[in-house]
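Enquirer: In the order they appear, the protein sequences are chains A and B. For the first sequence, the positions run 0 to 376 when numbering that gives the first Met the number 0 is used. For the second sequence, the positions run 0 to 263 when numbering that gives the first Met the number 0 is used.
No lab work stands behind these hints, which were simulated from the structure alone. Warning: the hint list may mix true and false statements.
Claimed, not checked - With a straight-line cut-off of 25 angstroms between C-alpha atoms, the simulated DMTMM-like cross-links for lysine to aspartate or glutamate are: (1) B/K143 x A/E242; (2) A/K195 x A/E76; (3) B/K194 x B/D28; (4) B/K194 x A/E242; (5) B/K143 x A/E124; (6) A/K195 x A/E164; (7) B/K194 x B/E256; (8) A/K195 x A/E298; (9) B/K143 x B/E167; (10) A/K41 x A/D18; (11) A/K195 x A/E24; (12) B/K143 x A/E90; (13) B/K194 x A/E76; (14) B/K143 x B/E114; (15) B/K143 x B/D179; (16) B/K194 x A/E343; (17) B/K194 x B/E147; (18) B/K143 x A/E298.
Claimed, not checked - Chain A regions said to be covered by chain B (calculated; three or more residues, Cβ under 8 angstroms): (19) 118–124; (20) 247–260; (21) 296–303.
Predicted model only: the values in this text are computed from it and were never measured. No residue lacks a Cβ here, since even glycine has one placed at the ideal position from N, Cα and C.
Here's the letter readout for the chains.
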Amino acid sequence: MKRIEQKGSEGDHLRIGEDQTLLCEGAWTLPHVAEVERIVDKVAWPVGRQLTCDGAGITAMDTAGAVLLRRTVIRLEQQGRRVHVQGLRAEVREIFDMVTSNWPTATPAAFTRPSSMAQLTQLVEGLIRHGQQALAFLGESAVALARSLTAPARIRWRALFRSLELDGFNALPITGLLTFLIGVVIAYQGAEQLRKFGTNIFIVDLVGISLLREIAPLIVAIVIAGRSGSAYAAEIGTMKVTEELDAVRTLGISPIDLLVLPRTIALVIALPLLTVYADVLGVFGGMLIASGQLNVSFEEFVARFEEAVALRHFLIGIGKAPFFAMIIALVGCYQGFQIRGGVEDVGRHTTISVVQSIFLVIIFDAICSILLNWWSL
Amino acid sequence: MSLLTQTEPPVIEVSHVSTRFGAAVVHDDVSLAIQRGEIFAIAGGNGCGKSTLLREIIGLLTPSAGSIRLFGVDSRQLEASDDNAIHRRCGVMFQQGALFSSLTLAENVAVPLREHAGISPQLIRDIVAVKIGMVGLPPDSAGKYPNELSGGMRRRAALARAIVMDPELLFLDEPTAGLDPIIAAGFDELVLQLKGLLGLTVVIVTHDLDSLWRISDRVAVLGNGTVLGIGTMQELWASNDLRIHEYFHGPRGRAAEAQHGSKL
Chain A
0 MKRIEQKGSE GDHLRIGEDQ TLLCEGAWTL PHVAEVERIV DKVAWPVGRQ LTCDGAGITA
60 MDTAGAVLLR RTVIRLEQQG RRVHVQGLRA EVREIFDMVT SNWPTATPAA FTRPSSMAQL
120 TQLVEGLIRH GQQALAFLGE SAVALARSLT APARIRWRAL FRSLELDGFN ALPITGLLTF
180 LIGVVIAYQG AEQLRKFGTN IFIVDLVGIS LLREIAPLIV AIVIAGRSGS AYAAEIGTMK
240 VTEELDAVRT LGISPIDLLV LPRTIALVIA LPLLTVYADV LGVFGGMLIA SGQLNVSFEE
300 FVARFEEAVA LRHFLIGIGK APFFAMIIAL VGCYQGFQIR GGVEDVGRHT TISVVQSIFL
360 VIIFDAICSI LLNWWSL
Chain B
0 MSLLTQTEPP VIEVSHVSTR FGAAVVHDDV SLAIQRGEIF AIAGGNGCGK STLLREIIGL
60 LTPSAGSIRL FGVDSRQLEA SDDNAIHRRC GVMFQQGALF SSLTLAENVA VPLREHAGIS
120 PQLIRDIVAV KIGMVGLPPD SAGKYPNELS GGMRRRAALA RAIVMDPELL FLDEPTAGLD
180 PIIAAGFDEL VLQLKGLLGL TVVIVTHDLD SLWRISDRVA VLGNGTVLGI GTMQELWASN
240 DLRIHEYFHG PRGRAAEAQH GSKL
């Protein structure tokens, strides 16, 4: 019998015999399936409603090959033909039958996009739910704090001191370095302008007030949000995923007492201290540049500092720090408790915790600036 | 297919493997050979290094001493040459399933095909749907995420992903641990069925005495860092070694033997 070679088929996986029989041959296995698929797509199917598919030449077949053959048969049948598969070797037939019997009967319902109104409803409901949850968390934490303050024995001192060390003491190098550099940068930028007017000594006002009042507390808060807020979310979230939080609850311990309060109290203590430390290093950085670039000696700098920088700037700066601390700790812990699913959720909520806490810190700072300006402080 | 000649080299050959983590010795001179087409079980008490041995065979860990050959290739060369051909011939099902939590069940199963096969998305979808059916998952579970699936379904999904490339060699790490007895028994049957259909060589790490009796052709019992014994369950059941005796003749071991031993 003369066989017509199908164009483009280097291997002979599929040919059409002269009597319009479909001849399947060779290896129908995963390494060859891509090639076979290309051939199948290009074949000019014989006309006629009856089609015989002869698989006697198939030397090897695996599930992928069987799926391809089955799919080809189904497509031909959808075109209104009747296909008869014959001649498969026993082990090939076994695989083909297995695929046939496991062929999905119904395709799952296609995903339909909800209407925009439904999406809006969902969004608003989500926001309301989040708001309620956040409020509930805040309330729960406040109650726990009140309870702990009336009975200090309830406070987890070990966890508190550990948090003080990890989130406060260990943050000294990074916060110090950063504010020192910021002090240097501010002094450099100011030096250029001040020299033009011959008002070199005002470098003290510039560096002192801006750092003490605004920049040092903000830099510290941002570093701590990235360093500790994210850690809180990830830690608590992982504990939730591994059911450790449930274990804590069943042991009769409140997760808020155990995890939230120590961290919050520790940050409320640590952040003002870190801010004072950052003030010192930042001003020192400015001082170095002042003496190097503007010929303002250390003595002149300190003397001017006393008269130019009022105590209230320093107090406002460190006064904001505890509030920043509360924002960071509560947002971090809250996002940790929000984690539901698995690994992916941990990453997502950790990111949210950092973004949200920095956002809220800056909002709070802006509100403070406006209010203090009203009261002319 | 017709390659089964008289003396075929073993699919996996573990020779004189020792493993140490710091001062802790996990394996001390472990040797075993796994033949094509058998279901080979690795048993032994908790912490005897079963899973460690499995991780070494699949190349996730390097033994401190000794060599492991897969299809005649040394596992260390395999790592160095970055040759995926061997990896494509192996399917691994991890203890907790290790499904990617950001992907749906169908996407999870499709990952090896997308990465390695180079076939059309339509064909990938069909293969995935058939494999999902083969492991006994309902078609509507295909769009679900791993955290929406029950433990047994997750295990089946992991199996579907392991067999999606039609591997020659299938590794199962404690496939029935934590499953209810009906699902666990169903899983055993599934492994047997797949082995028959796809001609798999199966390496299974398990504590499950019912599984050992039901599906394993040969069992290696690990303990004290070495292989205490290798053989069929009947041979091990009759073993005189005290530790093997202890392992199989506990109350659970006797119950499993009473149920399955006579049928074999």
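Enquirer: Do at least three Cβ atoms from the region 118–124 of chain A come closer than 8 angstroms to Cβ atoms of chain B?
Expert: violated (count 0)
Enquirer: Count residues of the region 247–260 of chain A with a Cβ under 8 angstroms from any Cβ of chain B, then say if the count reaches three.
Expert: The restraint on the region 247–260 of chain A is violated, since only 0 of its residues have a Cβ under 8 angstroms from chain B and three are required.
Enquirer: Please work out if A/K195 and A/E298 have their alpha carbons no farther apart than 25 angstroms.
Expert: holds (23 angstroms)
Enquirer: Take a quick look at whether B/K143 and B/E114 sit within 25 angstroms of each other, Cα to Cα.
Expert: holds (21 angstroms)
Enquirer: Keeping to a limit of 25 angstroms between CA atoms, is the pair of B/K194 and A/E76 held or broken?
Expert: Violated - the C-alpha atoms of A/E76 and B/K194 are around 32 angstroms apart, more than 25 angstroms.
Enquirer: Please work out if A/K195 and A/E24 have their alpha carbons no farther apart than 25 angstroms.
Expert: Measuring from Cα to Cα gives roughly 89 angstroms; hence the hint is violated.
Enquirer: When you check the alpha-carbon spacing of B/K143 and A/E242, does it fall within 25 angstroms?
Expert: Holds, because 22 angstroms separates the two Cα atoms, which is no more than 25 angstroms.
Enquirer: Quick one: see if chain B covers the region 296–303 of chain A, three-plus residues with Cβ-Cβ under 8 angstroms.
Expert: Violated - the region 296–303 of chain A has 0 residues with a Cβ nearer than 8 angstroms to chain B, which falls short of three.
Enquirer: Is the hinted pair A/K195 and A/E164 satisfied, with a Cα-Cα distance of at most 25 angstroms?
Expert: violated (46 angstroms)
Enquirer: Compare the distance between the alpha carbons of B/K143 and A/E298 with 25 angstroms, and conclude whether the hinted pair is satisfied.
Expert: violated (71 angstroms)
Enquirer: Does B/E167 sit within 25 angstroms of B/K143, going by the straight-line distance between their CA atoms?
Expert: Status violated; Cα separation ~28 angstroms.
Enquirer: For the pair supplied as a hint, A/K41 and A/D18, is the alpha-carbon distance within the 25 angstroms limit?
Expert: Status holds; Cα separation ~19 angstroms.
Violated hints, in rising order: 2, 3, 4, 6, 9, 11, 12, 13, 16, 17, 18, 19, 20, 21; the structure is consistent with all others.
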